[in-house]
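Chains as they are written, first to last, in the numbering used here: chain H, 179 to 288; chain U, 4 to 119.
For the record, the hints were derived by calculation from the structure and aren't laboratory data.
Don't be surprised by glycine CBs; every beta carbon is placed ideally from N, CA and C.
Do not rely on the hints blindly, as some may be mistaken.
Partner residues are not named here, just some residues of chain H that face chain U (Cβ under 10 Å, in silico) [stated by the list, open to error]:
1. P187
2. L212
3. Y214
4. F267
5. C268
6. F271
7. T277
8. P288
In silico DSSO-like pairs for lysine-lysine, Cα to Cα no more than 27 Å straight-line [claimed, not checked]:
9. H:K275 to H:K246
10. H:K246 to H:K234
11. U:K14 to H:K234
12. H:K275 to U:K107
13. H:K215 to H:K234
14. H:K215 to U:K14
15. H:K183 to U:K107
16. U:K60 to U:K107
17. U:K60 to U:K81
18. H:K275 to U:K60
19. U:K60 to H:K215
20. U:K107 to H:K246
21. U:K107 to H:K232
22. U:K107 to H:K249
23. H:K215 to H:K275
24. H:K275 to U:K81
25. H:K275 to H:K234
26. H:K232 to H:K249
27. H:K215 to H:K183
28. U:K60 to H:K183
29. U:K107 to H:K215
Cβ-Cβ distance ranges computed for the label pairs, FRET-style [unchecked claim]:
30. H:A248 to U:R25: 41 to 49 Å
31. U:D21 to H:N235: 43 to 51 Å
32. H:E220 to U:V33: 19 to 27 Å
33. U:V33 to H:G238: 23 to 31 Å
34. H:I231 to U:V77: 32 to 40 Å
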Amino acid sequence: DQQVKQNSPSLSVQEGRISILNCDYTNSMFDYFLWYKKYPAEGPTFLISISSIKDKNEDGRFTVFLNKSAKHLSLHIVPSQPGDSAVYFCAAFGNEKLTFGTGTRLTIIP
Amino acid sequence: GAGVSQSPRYKVAKRGQDVALRCDPISGHVSLFWYQQALGQGPEFLTYFQNEAQLDKSGLPSDRFFAERPEGSVSTLKIQRTQQEDSAVYLCASSSTGGARSEKLFFGSGTQLSVL
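Throw the hints in and build the complete structure from the sequences for me.
Structural data, given as structure tokens:
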């Protein structure tokens, strides 16, 4: 069973606009959430994280929102840039293990 | 080295063959993780080392999978009698902090294993 779900396999956004990537989870024991970014032929790189005691965390152009009651988090990128084109993985900590979603491929259109 | 290094980059194995995948973590990193990423899926946890101690191997799919980190630095993931369902990218990650809850994981580029 997929405990971390990214239901959109792909997303295309015009350069300069906002990109919104979504993630849903089912395990209420998850208490720390992360987003990783992956370019082709490279390993994932850490982007931003949020603890379950917060509902928002911001780092430059990247903001992560957490809605615990809905078991939903989202990553906002604004403004989107061509270098943001990559696969984005949502991940969650629970039981001392990191569980990843299946990823969303973001394409920024110049 | 500057980052996590994995070798080989690609490995093609015949079904039934044994393979060994190597991971060189960032120097001084205490924690080391192995993940398996099947096509179209996210990485899935296999095993975790803190220094030379294998503290969690609950993600290893069968007893054909074995990992070691004898001196607390380089790690090897061995798969015996490979099967087609073992085909995946195997990712290694390291962290400077101890504990399985390592936020800032540094991933290698992975080894893509294809079993024919």
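With 10 Å as the cut and Cβ atoms as the points, is P288 (chain H) at the interface with chain U? For P288 (chain H), the interface hint is violated, since the closest Cβ of chain U sits about 27 Å away, which is over 10 Å.
Given the hint that K275 (chain H) pairs with K81 (chain U), does the C-alpha gap stay at or below 27 Å? 21 Å, holds
Are the Cα positions of K107 (chain U) and K246 (chain H) separated by 27 Å at most? Holds, at roughly 23 Å.
So the hint says 23 to 31 Å: do the beta-carbon atoms of V33 (chain U) and G238 (chain H) match that? 29 Å Cβ-Cβ, so the 23 to 31 Å window holds.
Distance restraint hint 32 to 40 Å, applied to the beta-carbon atoms of I231 (chain H) and V77 (chain U): 38 Å, holds
Decide if the proposed pair is consistent with the structure: K215 (chain H) and K14 (chain U), CA atoms, cutoff 27 Å inclusive. 25 Å, holds
Does K215 (chain H) sit within 27 Å of K60 (chain U), going by the straight-line distance between their CA atoms? 26 Å, holds
Hint check: K275 (chain H) vs K60 (chain U), CA-CA at most 27 Å. Holds or violated? 11 Å, holds
Does K275 (chain H) sit within 27 Å of K215 (chain H), going by the straight-line distance between their CA atoms? 19 Å, holds
Are K14 (chain U) and K234 (chain H) close enough, with their CA atoms no more than 27 Å apart? Violated, at roughly 42 Å.
Given the hinted pair K60 (chain U) and K81 (chain U), is their alpha-carbon gap at most 27 Å? It holds: about 13 Å lies between the C-alpha atoms, which stays within 27 Å.
Would you check whether Y214 (chain H) satisfies its interface hint, that is, whether its CB is within less than 10 Å of any CB in chain U? 8 Å, holds
Checked against the numbered hints given earlier, this structure breaks hints 8 and 11; the rest are met.
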